[in-house]
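Asker: Protein sequence lines correspond, in order, to chains A and B.
When the letters of the first sequence are read in order and numbered with my numbering, they come out as residues -3 to 128.
When the letters of the second sequence are read in order and numbered with my numbering, they come out as residues 8 to 139.
Any given hint could be a false lead.
[Claimed, not checked] Ranges between beta-carbon positions, derived for each pair:
(1) 118(B) x 84(A): 24 to 34 Å
(2) 21(B) x 44(A): 32 to 42 Å
(3) 46(A) x 62(B): 17 to 27 Å
(4) 46(A) x 67(B): 32 to 42 Å
(5) 102(B) x 44(A): 26 to 36 Å
(6) 46(A) x 44(B): 47 to 57 Å
(7) 41(B) x 66(A): 46 to 56 Å
[What the hints assert, rightly or not] If the Cβ cut is set under 10 Å, some of the chain A residues that face chain B in the computed set are:
(8) 38
(9) 41
(10) 50
(11) 52
(12) 61
(13) 62
(14) 65
(15) 68
(16) 70
(17) 75
Calculated directly from the structure, the hints in this document are not laboratory data.
Note that beta-carbon positions come from the ideal geometry of N, C-alpha and C, so glycine has one too.
Single-letter residue listing:
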Amino acid sequence: MKDKNENSDHEASAESADNTLEDNWMENEPQEKIDDNRWVQVNQAHYDPDTDRELVTAVVRAVAEAKGVDPLDGSEIPPLYESIDVEILEDTFYSTSQPNIRDTERGIYSFQYCEHKVVLRTDGWIFVYEPR
Amino acid sequence: MAHPNWNMDAVLNLDEVFTAIGHPRRRYLLYTLVDEGKEEALPELAAKVAAWELDKTIADVTDDEQREVHISLYHTHIPKLAALGVIEYRESENIIVRAVNTEQVQAVLNNAGAELDSRQETHARTTDERQE
């Protein structure tokens, strides 16, 4: 079932009507509703391509935190590269040479990684879901 | 498109070579393995990469800076190079060593010879002065 109103994803977080996400992201608990009910959001983290270093680290840390494991414990959390090459997404979504990509259109990309679903959003939010 | 059928035994094609050397952290790893028979342990290697990137001494690298690099090496750069047969990662010892295609990629790197990279190579080939 697709949510027909895809652009209203952050209206869910109450009165903060139009996009003040940028300014308030620390106060708000952002959400990205995904289009089926098999997943429940368990963590979110913000990646800032201007100040943070690699996207891979931000993604792995968000998932490891959701699982309550050490990001370097390969027995709990295998190399992300076995699931996806995030370097490609880093260039596509968060290119610092074309920063307006992040502002003009909100895109998301989702993939599965060690029993979790991960959604990356062009505004830098990373969402982690586990199966219901 | 992440990883086509890499053939570990064949000579790498140019696309694969450019993938291997297409990130400064991967080039750093390759420079550390210039010397035959050299093995590098991941935690120390991560500290060296962080020191290089942040232009500070290894002793001044914070735990968080070291971990950020360690996570990215473990979760993406090392598996990517290992899939190309450019390095071998030995999980039990947590080290990287030369592999079947190391020499070919290093030959290309030598000819690329930018000034910045030759300083990176010098840095990479020095030994960690911080003995733990």
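Asker: Could you run down the list of hints and mark each one as holding or not?
Answerer: Evaluated hints:
A beta carbon spacing of about 26 Å between residue 118(B) and residue 84(A) agrees with the range 24 to 34 Å that was offered as a hint. Evaluation of the 32 to 42 Å hint for residue 21(B) and residue 44(A) yields a pass: the beta carbon distance comes to about 34 Å. With their beta carbons about 19 Å apart, residue 46(A) and residue 62(B) fall inside the hinted range of 17 to 27 Å. At roughly 23 Å, the beta-carbon separation of residue 46(A) and residue 67(B) lies outside the given 32 to 42 Å, and the hint is violated.
Under the hint 26 to 36 Å, the C-beta atoms of residue 102(B) and residue 44(A), about 33 Å apart, fit the expected range. With their beta carbons about 41 Å apart, residue 46(A) and residue 44(B) fall outside the hinted range of 47 to 57 Å. Roughly 31 Å separates the CB atoms of residue 41(B) and residue 66(A), a value that falls outside the hinted 46 to 56 Å. Taking 10 Å as the C-beta contact cut-off toward chain B, the hint placing residue 38(A) at the interface is violated, the least distance being around 20 Å.
A least Cβ separation of about 13 Å between residue 41(A) and chain B goes past the 10 Å threshold, and the interface hint is therefore violated. Because the smallest distance between the Cβ of residue 50(A) and any Cβ of chain B comes to about 4 Å, under 10 Å, the interface hint for this residue holds. About 5 Å separates the beta-carbon of residue 52(A) from the nearest beta-carbon of chain B, less than 10 Å, and the hint is met. Interface hint at residue 61(A): violated, since its Cβ lies 12 Å from the closest Cβ of chain B, which is beyond the 10 Å cut-off.
Contact between residue 62(A) and chain B, as hinted, is not supported at the beta carbon level, the nearest pair being about 15 Å apart and thus beyond 10 Å. For the restraint placing residue 65(A) at the interface with chain B, the shortest Cβ-Cβ distance is roughly 12 Å, beyond the 10 Å limit, so the hint is violated. Checking residue 68(A) against chain B: minimum C-beta separation of about 6 Å stays under 10 Å; hint holds. The closest approach between the C-beta of residue 70(A) and any C-beta of chain B is roughly 7 Å, which is under the 10 Å cut-off, so the hint is satisfied.
The restraint placing residue 75(A) at the interface with chain B holds, with a minimum CB-CB distance near 5 Å, inside the 10 Å limit.
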